[in-house]
Amino acid sequence: MTSVRLLAITKEYGERRVLEGINADIASGSSLVVTGRNGSGKSTLLRVIAGLTRPTSGQVAIEIDGKVLAGEERRNAIGFVAPDLALYEELTALENLAFFAKARGMRRSRKDLRELIARVDLAGREDEPLSSYSSGMKQRMKYAFALLHEAPVLLLDEPTANLDENGVALVDEIIREHRKEGLLILATNDKREVGYGDQIIQLGF
Amino acid sequence: MGTKSSSLASKAIAVYRKDIVSEFRTRYAVNAVALFAVTTLIAVSMSVGGFGVTDKNLLSALLWVILFFSAMSGLSRVFVREEESRTASALRLSADPIAIYIGKLAFNLTLLLALEIIVVPMFVVMMNAGVRNWTFFWLILLFGSVGLSAAATIVAAIVSKANAKGALFAVLSFPILAPLLVTAISASSAAMGGGAFADCWRYLRVLVSYAGVMITASVLLFEFIWED
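Chains B and H, in that order, give the protein sequences.
Each residue of the first sequence is one higher than the last, beginning at 12 in the working numbering.
Each residue of the second sequence is one higher than the last, beginning at 16 in the working numbering.
Because the hints were derived from the structure by calculation, they are not lab data.
Certain hints may be false.
To be verified - Computed beta-carbon distance windows for the label pairs:
#1 Val36(H) to Asn173(B): 44 to 50 Å
#2 Ala185(H) to Glu192(B): 51 to 57 Å
#3 Val179(B) to Ala185(H): 45 to 51 Å
#4 Gly82(B) to Ala185(H): 30 to 36 Å
#5 Glu238(H) to Val79(B): 14 to 20 Å
#6 Ile75(B) to Ser22(H): 19 to 25 Å
#7 Glu176(B) to Ser100(H): 28 to 34 Å
As the list claims (entries may be wrong) - Here are a few chain H residues that sit away from chain B, every Cβ distance over 12 Å (derived from the structure):
#8 Phe39
#9 Ala49
#10 Val68
#11 Asn72
#12 Leu73
#13 Ala121
#14 Ala193
#15 Ser201
#16 Ala211
#17 Leu219
#18 Arg220
#19 Thr231
Built from N, CA and C at the ideal position, the CB exists for glycine as well.
Using the sequences provided together with the hints, build the complete structure.
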């Protein structure tokens, strides 16, 4: 049983308060959608949950079976896709995934990695550097990065950005599969994607 | 799907290998460092080399000035590159901060040692700088480089999110590196002039201690610097 608890999250950049007193409690098998106008703090909230940005006050607790995670366990519990997260352009898709697996202390065979690349519909392009990929292909690779370690918590910021019709269908499938047992948090303004949320946080009133 | 091998060393090696492969393909830091080093070396040798400089203190100072400024032009890029190419978030989410520091330190040290392998023999030949105690001379370069890389790596992490990265890197690095540079210059001078074993050994111990302190402090502090 995985849960994410947001306790009075506030984030300020200098004088500007981006997030104020955000509370939420999400458990595995459910999803949270964060929505709001541009600049309302959706991406900031996801970065705070991911542990990439420290909140000015408040706490994020990620728990598995009642145990609050920290350090490596916390990192390995989160899969993150976001516009401001990039992979290494000079490395191939296969090299990128092999590196991130090793950096996480996981052993993945080349066959496993090729299967993962095929899952995001990039089979046959795994030995090409990411610099030769289109923006949609790079977005698919971000999903491969997020799914690499089978994280129970999936954070998706603008999940279908840059994707074509097939890509959107792929993301829908990933979301549907993940919702069965995992925990999903989306930041989006797309009305269709907002429909995935069991809970909705509207920012920037 | 897979098994876990959670050794810190294997994660640090993964970061190091990734940086080596990236550098080999992009020449992001090598070009800057090599160009600066060779240009400075030629400028120095053409301006003072012809005067037959024999003062070991002056030769040693010139050598370390070349190494220091060449290093400053390249070693800061290990973290700047991650921020500029927006790969820092993926790295933060995947790797242990200590493994990242050690991997980046190893990469910077490799870059600096590769630079020295090229620049030092050229300097000795072009400046006609005889070295009497080669063993100590190389040991001083080695441990001086470890200290220089350790300090440069942690300062690079600090400045990677700033706007004026270049200026800030030099400003922050100099006071941290000043004791190392003064010792390394004196030590190299002693090794070039065939100084007493006790003198060389004393300098070497200072350099080893500096490197040890700098690496220990960096490992303890890096997590707080790296994680926003």
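Hint by hint, here is what the structure shows:
In this structure the supplied range 44 to 50 Å is violated for Val36(H) paired with Asn173(B), their Cβ-Cβ distance being about 26 Å. Between Ala185(H) and Glu192(B) the beta carbon distance is about 52 Å. The supplied range of 51 to 57 Å therefore holds. A C-beta distance of roughly 48 Å is found between Val179(B) and Ala185(H), which places it inside the suggested range of 45 to 51 Å. Range check, Gly82(B) to Ala185(H): about 34 Å between beta-carbon atoms, so the 30 to 36 Å window is met.
At about 18 Å, the CB distance of Glu238(H) to Val79(B) agrees with the hint of 14 to 20 Å. The hint said 19 to 25 Å for the Cβ distance between Ile75(B) and Ser22(H), and at roughly 23 Å that hint holds. Here the CB-CB span from Glu176(B) to Ser100(H) is close to 29 Å, well matched to the stated 28 to 34 Å. A Cβ of chain B approaches the Cβ of Phe39(H) within 12 Å, the least distance being about 9 Å, so the stated non-interface status is violated.
For Ala49(H), the shortest C-beta to C-beta distance to chain B comes to about 19 Å, beyond the 12 Å cut-off, and the non-interface label holds. Residue-level check passed: Val68(H) sits 43 Å from the nearest beta carbon of chain B, beyond 12 Å. Against chain B, the non-interface label of Asn72(H) holds: every CB pair exceeds 12 Å, the least being about 43 Å. Remark: the non-interface label on Leu73(H) is consistent with the geometry, its nearest Cβ contact in chain B lying 42 Å away (cut-off 12 Å).
Once the 12 Å rule is applied to beta carbons, Ala121(H) is consistent with being away from chain B; the minimum gap is 14 Å. Non-interface call for Ala193(H) relative to chain B: holds, since the shortest CB-CB distance, roughly 32 Å, exceeds 12 Å. Consistency note on Ser201(H): stated as away from chain B, and its beta-carbon is indeed over 12 Å from all of that chain's, at 40 Å minimum. With a minimum CB-CB distance of about 47 Å to chain B, Ala211(H) clears the 12 Å threshold, and the non-interface call stands.
Non-interface call for Leu219(H) relative to chain B: holds, since the shortest CB-CB distance, roughly 35 Å, exceeds 12 Å. With a minimum CB-CB distance of about 36 Å to chain B, Arg220(H) clears the 12 Å threshold, and the non-interface call stands. The beta carbon of Thr231(H) sits about 20 Å from the closest Cβ of chain B, which is more than 12 Å, so the claim that it is off the interface holds.
Checked against the numbered hints given earlier, this structure breaks hints 1, 8; the rest are met.
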